[in-house]
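There are 2 protein chains.
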Amino acid sequence: MPAKKVIIVGGGFAGLKAARALGNKSDIAVTLIDRRNYHLFQPLLYQVATAGLSPAEISGPIRGILSQYKNISVFLDNVESVDLKNKKLQVPGQSLDYDYLILACGAKHSYFNHPEWEENAPGLKTLEQATEIRRRLLMAFELAEKESDTEKQKQHLTFVIVGAGPTGVELAGAIAEISRHTLMKDFRRIDPSRTRVLLIEAGPRILAAFDSELSRKAARDLEDLGVQIWTNTRVTDVKNTSVVLGEEIVKASTILWAAGVQPSSLNKILGTPLDRAGRVIIEKELCLKDHPEVFVLGDQACLMGEDGTPLPGLASVAMQQGVHAANQILRDVKSQPRRPFRYLDKGQMATIGRKKAIAQIHNLKFSGFFAWILWLFIHVYYLIGFKNKFFVIWQWAYAYLTLKRGARLIVDKEWRSQPKSSV
Amino acid sequence: MPAKKVIIVGGGFAGLKAARALGNKSDIAVTLIDRRNYHLFQPLLYQVATAGLSPAEISGPIRGILSQYKNISVFLDNVESVDLKNKKLQVPGQSLDYDYLILACGAKHSYFNHPEWEENAPGLKTLEQATEIRRRLLMAFELAEKESDTEKQKQHLTFVIVGAGPTGVELAGAIAEISRHTLMKDFRRIDPSRTRVLLIEAGPRILAAFDSELSRKAARDLEDLGVQIWTNTRVTDVKNTSVVLGEEIVKASTILWAAGVQPSSLNKILGTPLDRAGRVIIEKELCLKDHPEVFVLGDQACLMGEDGTPLPGLASVAMQQGVHAANQILRDVKSQPRRPFRYLDKGQMATIGRKKAIAQIHNLKFSGFFAWILWLFIHVYYLIGFKNKFFVIWQWAYAYLTLKRGARLIVDKEWRSQPKSSV
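So the protein sequences, as listed, match chains R and U. With the working numbering applied, the first sequence covers 1 to 423. With the working numbering applied, the second sequence covers 424 to 846.
Among the hints, erroneous ones may be present.
Examples of chain U residues lying across from chain R (beta carbon under 7 angstroms, computed) [unchecked claim]: (1) 461; (2) 539; (3) 550; (4) 565; (5) 671.
No lab work stands behind these hints, which were simulated from the structure alone. Cβ coordinates follow ideal geometry from the N, Cα and C atoms, glycine included.
Looking at chain R on its own, in the form it has when it is part of the complex (with noise of 0.2 angstroms):
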């Protein structure tokens, strides 16, 4: 009998896990297809945007990683399209055939029907976005030290960052680390530590996933860094240096945008149910309805929870789903029933700043000193590569100890030699 035909799009935590799950497993043949060589750990992108850790950080090549399973090829492509009739997947200049279909292409920031909004407040999703939001940051300091004006002055050292979810806490803390820290005693003419990082949240409450006792601690943890927190407050346009809230304007020469994830733009041309966030519907054993050899995975899809709730968009769910998934495909191998995908509650976290973060395992909290503890050791775990962790943890306590940043590099997107500049 022929080897199966498994096809995984995308290179993520739930790809990457269900492709392992696969490796080296007879009568199973596996092309991962990623338009990115590497895969990224997206919990630790926002220390790319604020300069903590370079992109080869938190990112190894797929390649690297699965080389060692013989039965895996990956490629760098585009999915243009699928056929789920006749079982085939359409990349740029070829079509390929699968028995089995895993899609795992995660989501990306949404703008609430403003993608024009996307180029005045980039989110966090990408490496490119990440080193595109650390230009910004490092070089609205660099345009205050220069700016005469202190109108000006001031709008360059306003950062509003959209959202409060882990992500945009995430960001507002490290940015007021930096301006407080780090970059104390690099300016002659303005003082960083007078930066105001201001946290907008639609909600009445930021990190509203957790537990509102956490949420309030790690509020309070933010302001103690300097971060402004506003709650309850609508953002109705975002403009090249300035936030429209209603009758309010804030004027900032860096807007940073983490509120809203869309899921990959090939759900709409699926043809199978989605729910109102656009996410595809799956059966519980992670597959479609109509297409039980269809597996779809992570961000891009919704499950009910036990609790009714659909599963948070979180690694672990990501991971688990990627391993159930693998095998639901090798017990129809066996011919053995399929079985419905259980979610493992791992618990969640977030972390504000240097030695502060929050917990929430279950009914267990936890918050302060331990808690960010407890983050880093979770982080650097689940990192992918020895290296990498080795130097996660070597960074970080470096930056710990000395309160500098290693990646501080404000990189031009042009690379051919620009003749018009002298230096």
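Please build the complex by placing chain U on the supplied structure of chain R, with the hints as guidance.
Here is chain U on its own, set in the frame of chain R:
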């Protein structure tokens, strides 16, 4: 008496050394201007281009490096023009007065009056160029893996490096190693070790600045790695995916430029005598003949050595000149006579690859493993910042032991989320 205003343009080896030598000196107010916010350790730039190191590991923020010197201000700016007569420097939006001016703007690539070649054959002078080269390098293997047409596959697996100076040799050696070791197990359809690396040199031998015996040794070592060396070969055209060598045409997806360099374009508007290479001709004291208050250093200037040939474009020359220029300013302030610059020849070295390098110090010649160890320690020693030293050693130890490379990322230039792409 008011403090002497010293403006330094360029935060490279020369500018940074000059700034440090003037740091916290009484009666001296220093302004350092660079269009980058970081100092780049150029000797290791090829390691970024070949995925061995991350940009942040070979560069440090100029502000951070100089923050301890209270009399130094750093500005991120482009110098538009210099008014030697009135001692004024023009940057966007303002003009700055100076008592002393130190120009250390370095050099960029020269395409011998064929600027249009740059698009097809990037050079290696900036971090942006390094990451662009890394992108093309890694992408070539990805495209080869996808390609079914064997001719096209061959083209993707052909790498042409133009110019066999240290940079060209280091690039060729590293690419050969990546294909033979790093990527060996990562592909399923192609055999990366079938990669063709072609090093093209117009002159009669590679590494012409070195003793002929050493350059012959280096050539043998490169050939051991599988590099093909074509000397006495002139490039007549660089097309999108091919290099024209007179009659001959070599098809290659990746073409890298390591041939000529030209000094900063600022030289053209200075209105002072330039040598044939466009470098500013300076006095033995490193200043301009008619403007003793203006010093021009490093790759931007031309000073004859004791042997009657111009001093080489080496970091050690730039660093020594930076210190010397600073000292002459200090001597002026103390109304002591100036002294001529004497280059203390520290020799030169080039690395061919893992465990292989050549070094030449006066009449001493080293090659092979010992030279490589020497190269390694000297480069780490001069690398700015303890953290970077530490990390680079570990990156190298890791690469040396595992043959892996730490920074195999294909990063886009575009940061905006791309609706067309599905993953």
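Here is what the structure says about each hint:
Hint status for residue 461 of chain U relative to chain R: holds, with the closest Cβ pair at about 5 angstroms, below 7 angstroms. The beta carbon of residue 539 of chain U is not positioned within 7 angstroms of any beta carbon in chain R (closest approach about 11 angstroms), and the interface hint is therefore violated. Proximity of residue 550 of chain U to chain R holds as hinted, the smallest CB-CB distance being about 6 angstroms (cut-off 7 angstroms). Look at residue 565 of chain U: its Cβ gets to within about 4 angstroms of chain R, closer than 7 angstroms, so that hint holds up.
About 27 angstroms separates the beta-carbon of residue 671 of chain U from the nearest beta-carbon of chain R, more than 7 angstroms, and the hint is not met.
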